[in-house]
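Visitor: Those protein sequences? They're chains A, B and C, same order as listed.
Straight run, no breaks: the first sequence in the numbering used here ends on number 319.
Straight run, no breaks: the second sequence in the numbering used here ends on number 408.
Straight run, no breaks: the third sequence in the numbering used here ends on number 295.
It is worth saying that the hints were derived from the structure and are not from the lab.
Just so you know, even glycine gets a beta-carbon here, dropped at the ideal spot from N, CA and C.
Each hint should be verified, as a subset may be incorrect.
Using 30 Å as the maximum straight-line C-alpha spacing, the simulated DSS-like pairs for lysine-lysine come out as follows [what the hints assert, rightly or not]:
#, chain 1, residue 1, chain 2, residue 2
1, C, K140, B, K286
2, C, K134, C, K234
3, C, K67, C, K134
4, A, K27, B, K140
5, B, K286, C, K234
6, A, K79, A, K27
7, A, K60, A, K79
8, B, K286, A, K163
Using C-beta positions, here's what the derived DEER-type ranges look like [said to hold, decoys possible]:
#, chain 1, residue 1, chain 2, residue 2, range
9, B, L391, C, G157, 49 to 55 Å
10, A, E135, B, A238, 36 to 42 Å
11, C, G81, B, S204, 40 to 46 Å
12, A, T101, B, A57, 41 to 47 Å
13, A, I48, B, E103, 54 to 60 Å
14, A, P155, B, E164, 50 to 56 Å
15, B, W308, C, A216, 54 to 60 Å
16, A, Q68, B, S204, 53 to 59 Å
17, B, N114, A, E135, 55 to 61 Å
18, C, S188, B, G352, 33 to 39 Å
19, B, A238, A, Q68, 20 to 26 Å
20, C, G81, A, R29, 47 to 53 Å
Now the stretches of chain A that chain B is said to cover, found in silico as 3 or more residues with beta-carbon under 8 Å [unchecked claim]:
#, stretch
21, 66–77
22, 139–152
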Amino acid sequence: MTQQIEIPSPSTTTIEAGYNRTNDLRKRRRLGETVIQTLLFLAGGISILTTVGIVYELSKESVHFLSQVSLIEFFTHAKWNPQLGNFGILPLLNATLMTSTTAMLVALPMGLSIAIYLSEYATPKASSILKPILEVLAGIPTVVYGYFALTFMTPLLRSVLGKDVVEIYNTASAGIVIGILIIPMVSSMSEDALSAVPRALREASYGLGATKLETAIKVVLPAAISGIVAAFIVAISRAIGETMIVAIAAGAGPNLTFNPFLPAETMTGHIVRISGGDLSYNSIDYNSIFAIGLFLFFITLSLNIISQRVVRRFREVYE
Amino acid sequence: MSEFKANLDIRHRAGHIWRNIFRASTVFGILALIVLLLNIANSAFGYVAIENDINPADLAINSIPIEQLHQVDLVWILEQNVSAGLFRRLESEMPWEERAREEIYDLVVERVVNPQVVHTWPLGGSLFHRAEIQAEVAAKFPGATLEFRSWLTGDFLTTPQSPEADRAGVRTAILGSGWTIAITILFAFPLGVGAAIYLEEYASDNRLNRVIQTNINNLAGVPSIIYGMLGLAIFVRALEPFTSGAIFGAVDDTATASGRTIISAGMTLGLLILPLIIINAQEAIKAVPNSLRQASYGMGATRWQTVWHHVLPNAISGILTGTILAISRAIGETAPLVVVGASTFITFDPEGPFSKFTTLPIQIYQWTARPQAEFRNIAAAAILVLLAMLLSMNAAAVVLRNRYNRKI
Amino acid sequence: MRIERIFADKNKKRKIRVDPLNLCHPRSNHAQSKRELIMTNNNYAIEARGLNIYYDDFLAVRDVNLKIEARKITAIIGPSGCGKSTMLRAFNRMNELVPSAWAKGEVLYHGENIYAPDVDPVEVRRRIGMVFQKPNPFPKSIYENVAWGARINGYRGNMDELVEQSLRGAAIWDEVKDKLDQSGLSLSGGQQQRLCIARTIAIKPDIILMDEPASALDPIATLKIEELMHELSKEFTIIVVTHNMQQAARVSDFTAFFNLGEDRAGVLEEYDKTNKLFTNPAKQTTEDYITGRFG
Ligand SMILES: Nc1ncnc2c1ncn2[C@@H]1O[C@H](COP(=O)(O)OP(=O)(O)O)[C@@H](O)[C@H]1O
Ligand SMILES: [Mg+2]
Numbered sequence: 001m002t003q004q005i006e007i008p009s010p011s012t013t014t015i016e017a018g019y020n021r022t023n024d025l026r027k028r029r030r031l032g033e034t035v036i037q038t039l040l041f042l043a044g045g046i047s048i049l050t051t052v053g054i055v056y057e058l059s060k061e062s063v064h065f066l067s068q069v070s071l072i073e074f075f076t077h078a079k080w081n082p083q084l085g086n087f088g089i090l091p092l093l094n095a096t097l098m099t100s101t102t103a104m105l106v107a108l109p110m111g112l113s114i115a116i117y118l119s120e121y122a123t124p125k126a127s128s129i130l131k132p133i134l135e136v137l138a139g140i141p142t143v144v145y146g147y148f149a150l151t152f153m154t155p156l157l158r159s160v161l162g163k164d165v166v167e168i169y170n171t172a173s174a175g176i177v178i179g180i181l182i183i184p185m186v187s188s189m190s191e192d193a194l195s196a197v198p199r200a201l202r203e204a205s206y207g208l209g210a211t212k213l214e215t216a217i218k219v220v221l222p223a224a225i226s227g228i229v230a231a232f233i234v235a236i237s238r239a240i241g242e243t244m245i246v247a248i249a250a251g252a253g254p255n256l257t258f259n260p261f262l263p264a265e266t267m268t269g270h271i272v273r274i275s276g277g278d279l280s281y282n283s284i285d286y287n288s289i290f291a292i293g294l295f296l297f298f299i300t301l302s303l304n305i306i307s308q309r310v311v312r313r314f315r316e317v318y319e
Numbered sequence: 001m002s003e004f005k006a007n008l009d010i011r012h013r014a015g016h017i018w019r020n021i022f023r024a025s026t027v028f029g030i031l032a033l034i035v036l037l038l039n040i041a042n043s044a045f046g047y048v049a050i051e052n053d054i055n056p057a058d059l060a061i062n063s064i065p066i067e068q069l070h071q072v073d074l075v076w077i078l079e080q081n082v083s084a085g086l087f088r089r090l091e092s093e094m095p096w097e098e099r100a101r102e103e104i105y106d107l108v109v110e111r112v113v114n115p116q117v118v119h120t121w122p123l124g125g126s127l128f129h130r131a132e133i134q135a136e137v138a139a140k141f142p143g144a145t146l147e148f149r150s151w152l153t154g155d156f157l158t159t160p161q162s163p164e165a166d167r168a169g170v171r172t173a174i175l176g177s178g179w180t181i182a183i184t185i186l187f188a189f190p191l192g193v194g195a196a197i198y199l200e201e202y203a204s205d206n207r208l209n210r211v212i213q214t215n216i217n218n219l220a221g222v223p224s225i226i227y228g229m230l231g232l233a234i235f236v237r238a239l240e241p242f243t244s245g246a247i248f249g250a251v252d253d254t255a256t257a258s259g260r261t262i263i264s265a266g267m268t269l270g271l272l273i274l275p276l277i278i279i280n281a282q283e284a285i286k287a288v289p290n291s292l293r294q295a296s297y298g299m300g301a302t303r304w305q306t307v308w309h310h311v312l313p314n315a316i317s318g319i320l321t322g323t324i325l326a327i328s329r330a331i332g333e334t335a336p337l338v339v340v341g342a343s344t345f346i347t348f349d350p351e352g353p354f355s356k357f358t359t360l361p362i363q364i365y366q367w368t369a370r371p372q373a374e375f376r377n378i379a380a381a382a383i384l385v386l387l388a389m390l391l392s393m394n395a396a397a398v399v400l401r402n403r404y405n406r407k408i
Numbered sequence: 001m002r003i004e005r006i007f008a009d010k011n012k013k014r015k016i017r018v019d020p021l022n023l024c025h026p027r028s029n030h031a032q033s034k035r036e037l038i039m040t041n042n043n044y045a046i047e048a049r050g051l052n053i054y055y056d057d058f059l060a061v062r063d064v065n066l067k068i069e070a071r072k073i074t075a076i077i078g079p080s081g082c083g084k085s086t087m088l089r090a091f092n093r094m095n096e097l098v099p100s101a102w103a104k105g106e107v108l109y110h111g112e113n114i115y116a117p118d119v120d121p122v123e124v125r126r127r128i129g130m131v132f133q134k135p136n137p138f139p140k141s142i143y144e145n146v147a148w149g150a151r152i153n154g155y156r157g158n159m160d161e162l163v164e165q166s167l168r169g170a171a172i173w174d175e176v177k178d179k180l181d182q183s184g185l186s187l188s189g190g191q192q193q194r195l196c197i198a199r200t201i202a203i204k205p206d207i208i209l210m211d212e213p214a215s216a217l218d219p220i221a222t223l224k225i226e227e228l229m230h231e232l233s234k235e236f237t238i239i240v241v242t243h244n245m246q247q248a249a250r251v252s253d254f255t256a257f258f259n260l261g262e263d264r265a266g267v268l269e270e271y272d273k274t275n276k277l278f279t280n281p282a283k284q285t286t287e288d289y290i291t292g293r294f295g
């Protein structure tokens with residue numbers, strides 16, 4: 001039996017008006033697409049190359065350095081004095097820890113208080129004004145903060161504590177200003193963590209008769225704790241890597257001291273000072289700053305990775 | 001019951017105190033910003049005491065002040081007051097007749113009057129302790145005149161560097177920053193947006209792509225000085241034939257720069273902000289509604305057609321906003337450029353990517369590091385220039401962001 | 001008017017008892033009326049064979065065998081989450097936009113498996129177009145919305161003509177002919193959906209897939225879309241997902257009923273001519289579903 005009504009079979013080549021199309025579904029060679037995709041992949045790959053470049057270059061020079069200075073001396077010798085062949089990182093590391101600790105003493109309480117204020121107390125209108133101001137604070141170049149440390153913070157400390165106590169260059173002033181610099185970072189990351197705590201948790205707390213403060217401190221804060229910890233860790237990493245403020249205000253010359261009012265050169269400050277001068281490649285000075293750089297890179301990278309882990313754990317709790 | 005009440009009072013009082021502490025912290029943050037800005041203004045403006053070698057009034061001829069004297073008279077004053085050797089040298093550089101009157105006037109002021117700032121006062125003191133300052137000038141600098149000065153002037157923007165604070169300007173530094181940032185943008189923008197497109201639109205969820213993504217997030221946290229060391233090792237040292245311009249034959253009198261050139265600086269900053277551009281661009285691309293992609297693919301569009309015709313046009317203002325923010329970070333960067341080898345003193349304009357360079361933040365750093373007060377003043381003026389640049393960039397970003405938010 | 005006619009048809013056909021197997025052996029039903037013959041012209045536009053669709057290791061659609069008649073409207077109905085959309089998107093490999101989605105089995109288009117490794121999904125989608133649940137015109141002018149797809153598909157004819165013809169075909173020309181340069185987003189929801197249909201027919205596909213095309217629209221706009229589908233079925237094969245049984249009954253020639261099987265995997269429960277499936281379903285679950293007992 002044949003069909004009574006003819007319907008054109010679609011299984012022939014269809015050349016619709018204006019289209020030149022066959023039934024061939026096989027992959028076309030789209031050269032442009034392939035080239036573009038390759039280029040885009042390479043663009044993404046540059047970031048890998050950057051990391052490889054950092055690790056390779058820092059390690060290469062560090063190996064040269066460690067062929068002349070033993071690792072033990074590097075980490076235990078109490079003096080850094082290239083002229084005398086002393087390459088102990090302790091004075092530099094100590095100064096870095098001094099400035100970073102001072103910075104965290106300023107930034108942690110301040111940043112966290114601001115975060116709590118913004119997320120729990122401030123009206124939406126108030127925080128829409130306050131947040132951009134804090135962003136401005138975060139956007140000011142660090143060299144300007146360095147200027148601020150040297151021309152405002154140091155004179156302030158000297159007039160309060162006495163000129164014989166506080167030197168013109170000192171780690172306290174640099175540390176305090178680094179702290180101010182990272183306040184916005186701590187507050188915005190902590191606020192994100194606090195705001196991510198579900199409303200229901202707050203309502204439950206109010207429902208039990210808790211005050212606003214008790215809710216904020218005993219319920220919201222613990223719930224957001226890993227986000228806040230992550231913010232602190234990133235802030236520490238930022239403080240350790242901060243350069244211009246210490247280069248301007250903390251003093252030139254390694255100095256192993258625990259007195260925050262004396263000058264002491266940090267790891268970053270030392271790298272800047274040495275590389276800002278006349279530096280010949282293949283000298284031990286050149287090699288030594290790369291060894292410091294590698295150590296610095298290792299510390300900050302570890303801190304960042306730890307903070308990412310902490311954040312991820314935090315996300316798992318609430319998503 | 002009353003015990004309960006007392007307890008409640010304590011709890012409320014604690015709440016009150018803590019709320020004020022939280023609020024005070026916030027105020028402190030804002031105060032810090034205000035103090036920082038005031039501190040800069042304090043140094044950028046204020047009284048200066050100026051002493052002249054010769055009082056300009058004494059140079060008047062027939063009681064016509066030098067401002068109004070004729071060119072010939074000005075040359076005569078020069079001849080009378082400078083050494084014969086200097087006079088001849090100046091003349092041999094360019095004959096007097098060929099020089100403009102203004103130029104000769106400037107020479108008279110510079111060589112004969114020779115005004116020097118002997119003391120400066122900050123803005124705060126200048127505003128509130130005028131009488132004391134005048135008394136101080138009268139006592140300590142009897143020959144000096146007191147003058148209110150803005151260290152930030154038109155001349156400051158257009159004069160090159162100088163070893164003397166009151167003659168120095170930021171022209172070289174602004175041009176250097178401009179060139180460097182141009183290179184940074186050319187280098188980082190296409191790469192950053194390309195990488196973001198790859199990660200958002202092309203990359204499947206495999207190990208390699210996850211490594212790339214994690215790596216980018218980590219790079220964003222690497223201290224900027226490390227990028228400086230990378231730039232020093234790669235661009236300045238390893239790629240010296242390229243970054244010094246030698247392989248292009250572009251070696252001129254700046255050949256001594258070796259690899260310490262604008263292009264090295266620009267690419268170093270490019271690597272530095274690349275992760276920021278990528279992350280920001282990824283956010284912008286993520287914000288493009290998926291329904292658009294579906295519509296496009298559903299019509300038989302290829303991946304690139306979808307990206308080019310639909311994703312990018314809808315993400316572009318977000319991408320640009322993010323890029324502007326990343327670039328304003330680059331404009332303010334100092335440490336990596338010190339490491340890469342910014343010049344400590346150049347007075348000539350950069351001529352291209354293979355010139356030696358200095359930038360505005362570098363200039364600020366170097367002036368701040370000088371102990372003399374006048375250098376603090378011009379550092380403050382340079383900071384104002386830098387902040388104005390950043391402010392206008394951020395304003396542009398805000399405008400773009402608002403346009404973007406309205407559209408979606 | 002048209003709706004009345006459809007229901008009139010339906011009433012007439014209610015008396016005809018059809019062997020459900022006639023879909024597998026369409027040649028055996030020559031005893032039927034002329035209209036019935038048209039309805040089973042043994043001309044399949046696309047066919048799924050043993051198709052399983054997964055999201056990662058979650059089986060969303062299990063072992064579907066389904067032949068879609070050319071130039072007919074086939075409705076896919078079933079309870080929410082049973083894999084209707086997933087099934088529909090399998091017909092032009094749109095599932096691939098979800099990274100976790102993958103398919104096992106075959107979808108034959110002109111006898112060729114579109115899941116074969118050497119097949120280009122882009123080429124598939126150029127022949128099998130798609131209209132989405134939520135109208136999604138491009139944020140471009142009305143004209144560009146229609147012209148863009150044609151251009152990237154290599155259209156060489158007169159573009160103005162094609163745009164007009166497509167907009168007329170989607171029954172929206174009269175409403176937009178004076179504002180072709182306005183944004184597609186400025187139109188109402190129903191108009192946007194017809195614009196989306198216009199841009200799809202501008203690329204002259206064989207098959208148009210529609211995923212609940214009227215579910216986001218008001219009743220009047222819905223009616224317009226339904227009328228339009230009828231017109232389009234003269235020229236295109238249409239597969240439409242709907243959760244609205246009235247709509248399936250009104251517009252479609254064939255209906256495939258999907259249901260949630262074990263492990264929440266969707267299965268093709270019953271597939272038949274629409275009037276048969278709605279009046280005399282072969283399975284109890286189908287009857288329960290169309291009478292509103294679940295879903
Ligand atoms: N992108 C996806 N990823 C994972 N699972 C999905 C995705 N889309 C749909 N599913 C799952 O597949 C099943 C079928 O979904 P869908 O096809 O959208 O159903 P329907 O359209 O019939 O409501 C559901 O269980 C749904 O959760
Ligand atoms: Mg669906």
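Visitor: Look at each hint and say if it fits the structure.
Guide: Hints, verified against the model:
1. For a cut-off of 30 Å, the pair hint linking K140 (chain C) to K286 (chain B) stands: about 20 Å separates their Cα positions.
2. For the hint pairing K134 (chain C) with K234 (chain C), the CA-to-CA distance comes to about 25 Å; that is within 30 Å, so the pair holds.
3. Note on K67 (chain C) and K134 (chain C): the hinted pairing holds, with a Cα-Cα distance of about 27 Å set against a maximum of 30 Å.
4. A distance of roughly 89 Å separates the Cα atoms of K27 (chain A) and K140 (chain B); the hinted pair therefore is violated under the 30 Å criterion.
5. Using a Cα cut-off of 30 Å, the hinted pair K286 (chain B) and K234 (chain C) is violated, with the two alpha carbons roughly 40 Å apart.
6. As the CA atoms of K79 (chain A) and K27 (chain A) are separated by approximately 68 Å, the hinted pair breaks the 30 Å bound.
7. The hinted pair formed by K60 (chain A) and K79 (chain A) meets the criterion: a straight-line CA distance of about 24 Å does not exceed 30 Å.
8. A distance of roughly 55 Å separates the Cα atoms of K286 (chain B) and K163 (chain A); the hinted pair therefore is violated under the 30 Å criterion.
9. At about 54 Å, the beta-carbon gap between L391 (chain B) and G157 (chain C) stays in the expected band of 49 to 55 Å.
10. For E135 (chain A) and A238 (chain B), the Cβ-Cβ distance of about 38 Å falls inside the hinted range of 36 to 42 Å, so the restraint holds.
11. For G81 (chain C) paired with S204 (chain B), a C-beta distance near 26 Å fails the hint of 40 to 46 Å.
12. As the Cβ distance of T101 (chain A) to A57 (chain B) is approximately 60 Å, the hint placing it in 41 to 47 Å is violated.
13. Separation of I48 (chain A) from E103 (chain B) is about 57 Å and conforms to the stated range, judged on CB atoms against 54 to 60 Å.
14. Checked against the given bound of 50 to 56 Å, the beta carbons of P155 (chain A) and E164 (chain B), roughly 25 Å apart, lie outside it.
15. At about 29 Å, the CB distance of W308 (chain B) to A216 (chain C) disagrees with the hint of 54 to 60 Å.
16. The given range of 53 to 59 Å is broken by Q68 (chain A) and S204 (chain B), whose C-beta atoms sit roughly 47 Å from each other.
17. Look at N114 (chain B) against E135 (chain A): about 47 Å separates their beta carbons, and that is not inside 55 to 61 Å.
18. For the hinted restraint 33 to 39 Å between S188 (chain C) and G352 (chain B), the CB-CB distance of approximately 57 Å leaves it violated.
19. Between A238 (chain B) and Q68 (chain A), the C-beta spacing of about 22 Å keeps the proposed range 20 to 26 Å intact.
20. With their beta carbons about 40 Å apart, G81 (chain C) and R29 (chain A) fall outside the hinted range of 47 to 53 Å.
21. Residue count for the stretch 66–77 of chain A with a Cβ under 8 Å from a Cβ of chain B: 0. That is fewer than the three needed, and the coverage hint is violated.
22. With 13 residues having a beta carbon nearer than 8 Å to a beta carbon of chain B, the stretch 139–152 of chain A meets the requirement of three or more and the stated coverage holds.
Taken one by one, the earlier hints fail for this structure at numbers 4, 5, 6, 8, 11, 12, 14, 15, 16, 17, 18, 20, 21, listed in ascending order.
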